[in-house]
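2 protein chains.
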Amino acid sequence: MQFNFKNPTQIIFGAGMLAQLGEVAGRYGKHALVVTGGGSVKRNGTFDRAIESLKAAGVSVTECSGVEPNPRLSTVVRGAQIAKDENCDVVIAIGGGSTMDAAKAMAAMVYYEDEPWNMFFSSEGTFVPPTRALPVITVPTLAATGSEMNSGAVITNEETKEKSFVNVPILFPKAAIVDPELTVTVPADQTAYGVCDLITHVTEGYFNGVDGTPLQDRWAEGVIQTAMEWGPKAVADGNDLEARTQVQWASVAALNGWVQIGTKAGYPVHMIEHTLSAHHDVAHAAGLAVVNPSWMRFAAKQRPERFAQFAERVFGVQRNGGGAEEAAREGIDRFEEFLRSIGCPTHLSELGIGEELIERYADDTLRIINDGNGNLPGRPTMTKDDIVNVLRAAL
Amino acid sequence: MQFNFKNPTQIIFGAGMLAQLGEVAGRYGKHALVVTGGGSVKRNGTFDRAIESLKAAGVSVTECSGVEPNPRLSTVVRGAQIAKDENCDVVIAIGGGSTMDAAKAMAAMVYYEDEPWNMFFSSEGTFVPPTRALPVITVPTLAATGSEMNSGAVITNEETKEKSFVNVPILFPKAAIVDPELTVTVPADQTAYGVCDLITHVTEGYFNGVDGTPLQDRWAEGVIQTAMEWGPKAVADGNDLEARTQVQWASVAALNGWVQIGTKAGYPVHMIEHTLSAHHDVAHAAGLAVVNPSWMRFAAKQRPERFAQFAERVFGVQRNGGGAEEAAREGIDRFEEFLRSIGCPTHLSELGIGEELIERYADDTLRIINDGNGNLPGRPTMTKDDIVNVLRAAL
Numbered sequence: 001m002q003f004n005f006k007n008p009t010q011i012i013f014g015a016g017m018l019a020q021l022g023e024v025a026g027r028y029g030k031h032a033l034v035v036t037g038g039g040s041v042k043r044n045g046t047f048d049r050a051i052e053s054l055k056a057a058g059v060s061v062t063e064c065s066g067v068e069p070n071p072r073l074s075t076v077v078r079g080a081q082i083a084k085d086e087n088c089d090v091v092i093a094i095g096g097g098s099t100m101d102a103a104k105a106m107a108a109m110v111y112y113e114d115e116p117w118n119m120f121f122s123s124e125g126t127f128v129p130p131t132r133a134l135p136v137i138t139v140p141t142l143a144a145t146g147s148e149m150n151s152g153a154v155i156t157n158e159e160t161k162e163k164s165f166v167n168v169p170i171l172f173p174k175a176a177i178v179d180p181e182l183t184v185t186v187p188a189d190q191t192a193y194g195v196c197d198l199i200t201h202v203t204e205g206y207f208n209g210v211d212g213t214p215l216q217d218r219w220a221e222g223v224i225q226t227a228m229e230w231g232p233k234a235v236a237d238g239n240d241l242e243a244r245t246q247v248q249w250a251s252v253a254a255l256n257g258w259v260q261i262g263t264k265a266g267y268p269v270h271m272i273e274h275t276l277s278a279h280h281d282v283a284h285a286a287g288l289a290v291v292n293p294s295w296m297r298f299a300a301k302q303r304p305e306r307f308a309q310f311a312e313r314v315f316g317v318q319r320n321g322g323g324a325e326e327a328a329r330e331g332i333d334r335f336e337e338f339l340r341s342i343g344c345p346t347h348l349s350e351l352g353i354g355e356e357l358i359e360r361y362a363d364d365t366l367r368i369i370n371d372g373n374g375n376l377p378g379r380p381t382m383t384k385d386d387i388v389n390v391l392r393a394a395l
Numbered sequence: 001m002q003f004n005f006k007n008p009t010q011i012i013f014g015a016g017m018l019a020q021l022g023e024v025a026g027r028y029g030k031h032a033l034v035v036t037g038g039g040s041v042k043r044n045g046t047f048d049r050a051i052e053s054l055k056a057a058g059v060s061v062t063e064c065s066g067v068e069p070n071p072r073l074s075t076v077v078r079g080a081q082i083a084k085d086e087n088c089d090v091v092i093a094i095g096g097g098s099t100m101d102a103a104k105a106m107a108a109m110v111y112y113e114d115e116p117w118n119m120f121f122s123s124e125g126t127f128v129p130p131t132r133a134l135p136v137i138t139v140p141t142l143a144a145t146g147s148e149m150n151s152g153a154v155i156t157n158e159e160t161k162e163k164s165f166v167n168v169p170i171l172f173p174k175a176a177i178v179d180p181e182l183t184v185t186v187p188a189d190q191t192a193y194g195v196c197d198l199i200t201h202v203t204e205g206y207f208n209g210v211d212g213t214p215l216q217d218r219w220a221e222g223v224i225q226t227a228m229e230w231g232p233k234a235v236a237d238g239n240d241l242e243a244r245t246q247v248q249w250a251s252v253a254a255l256n257g258w259v260q261i262g263t264k265a266g267y268p269v270h271m272i273e274h275t276l277s278a279h280h281d282v283a284h285a286a287g288l289a290v291v292n293p294s295w296m297r298f299a300a301k302q303r304p305e306r307f308a309q310f311a312e313r314v315f316g317v318q319r320n321g322g323g324a325e326e327a328a329r330e331g332i333d334r335f336e337e338f339l340r341s342i343g344c345p346t347h348l349s350e351l352g353i354g355e356e357l358i359e360r361y362a363d364d365t366l367r368i369i370n371d372g373n374g375n376l377p378g379r380p381t382m383t384k385d386d387i388v389n390v391l392r393a394a395l
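Chain order of the listed sequences is A and B.
Counting from 1, one number per residue, gives the positions in the first sequence under my numbering.
Counting from 1, one number per residue, gives the positions in the second sequence under my numbering.
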């Protein structure tokens, strides 16, 4: 086990913490670009409370609203231009993962001198990492992506229908103000998708990481168990602030790097899903709910013991004389049942996706990232046929 | 659950990472105060390799050796004076928790203008936190305290026989170079004490934290399970690098703040033990091994369900119709057995400590920290009599 890790983001967590936004933002700037999504933060009052806190602290505001789900490169470029035109010195994201990812990319795009799409990873050698960014503060209104406390951003190139990512230390937010009260208005389906998203963040590292990370295994299992205990409560009653609190903390911890530390995790499920949501307007986590169980059944053939451990520790599956394969299968079935129980889709047909473009999804996925031999990194690595078969099994 | 958390230390972890010391230190300074303990790092070659790496990176060195176990205020003052006299611009600790704690305190003492002992916490109103420190780099040679990646330091005032602490953000090391190869020469008894130390760091938060931190519970259990799985292997075969690796990572994770986040943990076991090792020359973690099980039996009377959870999740204790009290008792017994199995003492008599000064230990503990009503913070809070009784039960 080897790693080099630093996460310098300050996290301010708890119900009511939104009120601290102005004071925190004032440490980093005087004129904020406030980035928002489709308008829910305006309808539910979060935006007004944020602006009030900023103004009270002497921080003036320029708005960049309308970040779409699966945020687009053109939106990033637009936001960066506003920040430049208005001389913003700090970027504040108030919204879900899309808004936060877009805001982080905008903060870097302000200084970026290359072609905008080159800021995002590609197997074709065009990637030029950004080296400077405005300070970013995140205010998540959804418990899902963990973007609030990590250095990644996922952006869609709407022209090429590619979805890719950037992950560099300069993108760590200076502060994440994580206030579970802001999530009580999230509808049940989005809440369930968030639970699926956060669980998938840790299953990727758990199943695709290197051997010999036993503490990280335990922590990943802890995140999953916590999400499975509290997620259904948050889905059942959106106003259950305790459930919202536990789910949101789990979502931060699922992708702030602590659980994945040293695992050198691949993210094959995410990579395949990104291609789906680049082509179709589906919620990222709904896509994950479809791809992940199918991927697990594929990967468990190679590493049944690993999946049996998951089954035993997370679901209490007993082997009772059966082999690892049987326990692994039961664990994956139970996981899929859990996803269905909170309202997640588990078939492509439920997303309105057929088999027409299946080869294209595989090709696109491998164009974004491959291991140099044309295969998708992960355990095991996946050929194009493997990707096609996993998707076909999920039809 | 509410918290405000940031841990900006860069951790560079893995066998062989010592070679990176020079490059890392060179980012922060050109002339290092290198702080070491009793000489083992010189005998086993670690010191020479560190100096070689520093010199190759153009970092010159002034030494401050001889930091004792339970490091003394006079040693901190001495080291700070050397750093000032020699114009050191970075402090590097190579050693165990004592060396790292002393180095962190020296880094702040360089700029400290108050009475030296006022830098450390006291219930008597004399505490003046330091506000500035030289950059610190830690190179732990023992898996135990977690000091390498946190902002705390514990120092003994040898004149008053008080042992107290300081914990402020300026003391976070800039970088921790954690190389498990450096721990293979640690003797079996010290290895066992380290395992006990790291476990006690998480049991404090687990048993003395606020309610409603289920993810932190899982993570604490994960640290304990990992330490119990790999600790005995490291004790049995010091050259088992895999065991050394897992134990050392567990020791970092046990006190870098991640597991304790939001728990607002009290540390009654540590506070009581500090008084013992201020009066007697005993290893801190040997004292913890004695105090912790006795404290657990005291605290379990108030919160049997909490201790039953510990018993069930960590030791797989089944209730089988018995009550929480019975499960709690069995869990504590099993924990004590584990400590004995790796060679830790569990009675004061094994440390050469009798009952003569028991009242004094309690008084001293409460002088360092109390809740304003004269009781020791924790769950439950402890009166002087409670402390005396816990110590008496451990004779």
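Wrong hints could be hidden among the right ones.
No distinction is drawn between identical chains; accordingly, a pair holds when it is met within one copy or between any pair of copies.
20 Å max Cα-Cα, derived SDA-like pairs, lysine to any residue [said to hold, decoys possible]:
1) 174 <-> 8
2) 384 <-> 298
3) 174 <-> 3
4) 6 <-> 168
5) 6 <-> 135
6) 6 <-> 152
7) 264 <-> 16
8) 174 <-> 10
9) 6 <-> 257
10) 233 <-> 212
Worth flagging that the hints you see were computed from the coordinates, not collected in a lab.
Structure-based check of each hint:
In this assembly of identical chains, the alpha carbons of residue 174 and residue 8 lie at most 20 Å apart whether taken from the same copy (7 Å) or from different copies (11 Å). For the identical chains of this complex, residue 384 and residue 298 are intra-copy neighbours only, at 13 Å inside a copy versus 61 Å across copies, given an alpha-carbon limit of 20 Å. Taking identical chains as interchangeable, the C-alpha atoms of residue 174 and residue 3 lie at most 20 Å apart only when they sit on different chains, with a minimum of 16 Å there against 22 Å within one chain. For the homomeric pair residue 6 and residue 168, the shortest alpha-carbon distances inside one copy (11 Å) and between copies (19 Å) are both at most 20 Å.
When the C-alpha separation of residue 6 and residue 135 is checked against a cutoff of 20 Å, the pair qualifies both within a copy, at 17 Å, and between copies, at 16 Å. Taking the closest pair of Cα atoms, residue 6 and residue 152 come within 20 Å of each other both inside a single copy (14 Å) and across two copies (18 Å). In the homo-oligomer, the alpha carbons of residue 264 and residue 16 lie at most 20 Å apart only across protomers (18 Å), although the nearest pairing inside one protomer, at 36 Å, exceeds that limit. In this homomeric assembly, residue 174 and residue 10 come within 20 Å of each other (Cα to Cα) both inside a single copy, at 6 Å, and across copies, at 16 Å.
Taking identical chains as interchangeable, the C-alpha atoms of residue 6 and residue 257 lie at most 20 Å apart whether they share a chain (9 Å) or sit on different chains (14 Å). Proximity of residue 233 and residue 212 under a CA criterion of 20 Å is satisfied inter-copy only: 15 Å between copies versus 34 Å inside one chain copy.
Taken one by one, the earlier hints all hold for this structure without exception.
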